[in-house]
Amino acid sequence: MDLSTYKNSVKTSMEELCYYLILCMQITEEEYDSWSKNVSRYVEDESDDSFSHSVRLSALELLLSITNEFKKEAGIGLWKAVHRHLSHAEALKSHNSSRWWKLHEACLLAMGRCKQLLNDMLVTGYVKIDLDAFVRQVPLADLSQFDYPYLICQAALFAGRFSRSLSAEVNRIFLDGICQLLEHAQHPIINLSSLRAFYYYCEEVGVDQTNDIIKYLPRIFEGILTTMSRIPQSAFIWPLESLAILISVDENFVSTIENRLSPLAIELFVNYIQDPLINGETTAIIKGLVHNNKVSNSIQERLIPLVQSIVESNHSVSSTLPRIAPSLAFSVLDLLTTVLRSLNPPINSNLLNQTFPVVIHLLLTSDDQQILINGGECLCAFLSCVSVNLFSWTDPKSNTSSIEYILQILAKFLDPKTPENCCTFIGKLIRAFIREINKTNQPSLLGDTLGQILKAVLAKLQSSQVLSVQQSLIVVFAHLIQNNLNDVVNFLTSTPGPQGSSAFDFVMYEWVIKQHLFSGPYDIKVSIIALTGLLEYAMTNNDVRFQTLIVPGDQIIYHQAGQSISHRTRSKTSKQPEQWTRVPLVVKLFKILVLELQNQINTRKELEEDMNFNDDDDDEEEEDGNDDNEDINDDKPGDNELKESSSLKSTDEETTKYLERYDNLLDDVFDFEFFQEKDPDAFNDPIMQVDLLDYLKERLRLFATHAWFAIFQQHLNVIERNALQKIAILQ
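Residues 1 to 731 in the UniProt record's numbering are what the sequence shown spells out, letter by letter.
You may find that some hints are simply not true.
Computed beta-carbon distance windows for the label pairs [what the hints assert, rightly or not]: (1) T449 to R219: 57 to 63 Å; (2) N541 to D275: 56 to 62 Å; (3) N602 to L64: 37 to 43 Å; (4) D368 to V718: 29 to 35 Å.
Derived BS3-like pairs: lysine-lysine, alpha-carbon spacing no greater than 30 Å straight-line [as the list claims (entries may be wrong)]: (5) K128 to K93; (6) K417 to K678; (7) K93 to K455; (8) K93 to K7.
It is worth saying that the hints were derived from the structure and are not from the lab.
Even glycine gets a Cβ: it sits at the ideal position worked out from N, Cα and C.
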């Protein structure tokens with residue numbers, strides 16, 4: 001497929017290729033026996049993201065690759081191949097051959113895993129089929145084939161995957177069917193697949209549009225509990241995923257089962273705290289309960305003993321739960337962070353009063369790296385989510401305020417002696433602390449300690465050797481510059497730095513030589529906008545501090561005539577160390593902005609190229625145009641209506657683009673969600689709404705009208721000149 005020479009051959013042979021791949025997907029006797037003896041192996045092999053190896057999975061992987069590469073042709077070929085197999089299966093069934101069910105199962109697997117493509121084929125009209133009729137006649141009919149449990153499993157999964165495209169009536173038949181399977185099926189594999197089908201249904205239809213399923217929730221919940229009692233721990237993942245999505249459907253129903261569900265979730269969390277899959281799903285369940293206003297207070301109360309148990313010398317506070325090893329306390333802190341991020345204010349006062357001291361105690365006394373990191377993230381969550389309650393909290397035993405405790409923690413982590421691997425969160429914590437203090441409109445709460453914090457940040461920055469920590473600390477100053485530029489510059493100028501220079505010289509030098517190494521969309525945005533403000537300040541005020549500080553400009557590359565430029569080895573570096581031009585800070589600031597402009601232009605160009613869905617093989621498609629217009633009218637088993645319903649639409653450029661659109665969009669969505677989950681404070685910051693490319697264009701065009709621009713031009717390299725030419729600043 002990677003060779004253009006053979007692409008047309010693959011296209012013209014698509015139906016046969018799909019036909020034989022489906023044959024290879026049939027369940028073997030070895031797989032049948034293995035799954036029957038070990039349901040965990042079935043879950044492992046049949047999961048969407050399985051890492052197992054078999055002929056069945058290899059054929060499926062190849063089919064998915066083909067459908068991704070040749071969307072229209074693969075969709076048409078797959079449907080024709082399925083059509084042939086189902087017709088053959090009907091013939092086998094009429095002759096009492098047991099092989100028919102394996103063909104049915106393989107066809108449903110192939111179509112189900114290519115769901116997105118087949119849905120798009122229906123939407124665009126390349127294939128016309130009455131999907132409701134097909135589902136009634138094949139997968140829903142197969143749900144009653146109790147002699148063939150794996151066919152029932154795949155039929156349920158298929159109907160769940162396509163539920164968005166089905167009518168309400170067909171979906172009701174499907175939901176009735178899986179509930180009956182949960183209540184009466186003899187084999188736990190059928191229960192597992194029924195729960196997985198329910199999960200697909202909710203995922204497809206959307207939990208906010210699942211009114212039709214509310215009446216089925218009690219039966220499904222009981223089915224989850226029954227299934228989990230019949231399977232080993234290693235197969236828990238499907239029932240837990242189903243439970244996590246079930247609690248998001250209807251708040252009222254969840255309130256009726258909270259007294260059973262919350263203890264179960266906490267027990268599973270504790271018992272399987274070292275299992276990352278189960279731990280992740282139980283955390284998701286607890287998160288969903290906390291987010292539910294009808295049960296949030298109850299689950300918060302139930303979590304208090306769990307959090308307290310990680311620091312109690314005796315186990316009296318949590319006698320019903322197994323003891324959590326101190327080395328695993330970080331998992332409980334991670335759970336508490338998730339709870340705080342998920343709850344709707346106000347926080348349960350008992351949760352605050354009894355868990356915040358636990359976090360403080362661990363942060364001040366522990367030397368465990370993971371506990372310190374997770375504890376720091378948890379403290380950030382306290383600040384971001386419940387700061388109003390937090391700042392009024394005082395330790396009843398010592399009469400120490402929350403602010404005093406936080407300052408003690410900052411002092412610990414800003415101490416140069418504290419290992420840097422434990423301090424990656426420190427910049428985020430400082431920013432959250434200052435931000436939430438400012439929101440109270442009571443700056444006196446911070447008093448004179450801001451200057452002490454910044455001096456400690458400077459000391460930590462001087463000793464730091466880890467880029468992520470350096471970036472985190474520098475961005476603290478970048479944040480403050482957004483609203484207090486004069487004060488920050490004057491503070492740094494008046495504060496001594498290393499080697500006799502001022503802190504201003506030290507911070508700006510470290511900042512500008514490391515800016516190109518910064519990572520993360522939020523930190524880059526904050527830093528660039530702050531540097532833009534500094535440059536504007538320097539030009540407007542003709543500030544000599546930005547002119548007298550000399551910093552590295554561009555790297556000098558030596559190239560002798562007749563020799564090619566090669567990679568620098570250690571021996572070459574020792575003989576000829578890296579050398580850089582030297583420029584004033586004000587010039588370097590301009591160069592950094594231009595370089596970031598070029599980066600933003602490149603990024604935008606890549607996105608536009610990803611969205612450009614022109615087919616590279618248009619000429620070949622025109623040659624094969626007659627094939628594209630043929631009808632799919634092969635017989636389907638037992639359906640006269642479908643015999644004449646399948647046909648292809650004439651090739652349409654916009655429709656072809658639609659078929660290829662979702663691949664690139666999904667990647668962007670997943671990155672977007674990951675960023676939101678990883679750093680919700682940054683995600684929700686208004687600065688994330690700034691289009692950095694437009695921002696830089698506007699500011700650089702403004703700077704080009706300033707008298708300083710003539711000086712900047714003298715120091716521009718080729719890349720920087722090209723970038724300015726692209727936005728019409730230079731000719």
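The hints, checked one at a time:
1. T449 to R219: 57 to 63 Å: 58 Å, holds
2. N541 to D275: 56 to 62 Å: 60 Å, holds
3. N602 to L64: 37 to 43 Å: 31 Å, violated
4. D368 to V718: 29 to 35 Å: 51 Å, violated
5. K128 to K93: 27 Å, holds
6. K417 to K678: OK: K417 and K678 at ~28 Å, within 30 Å.
7. K93 to K455: Not OK: K93 and K455 at ~81 Å, beyond 30 Å, violated.
8. K93 to K7: 37 Å, violated
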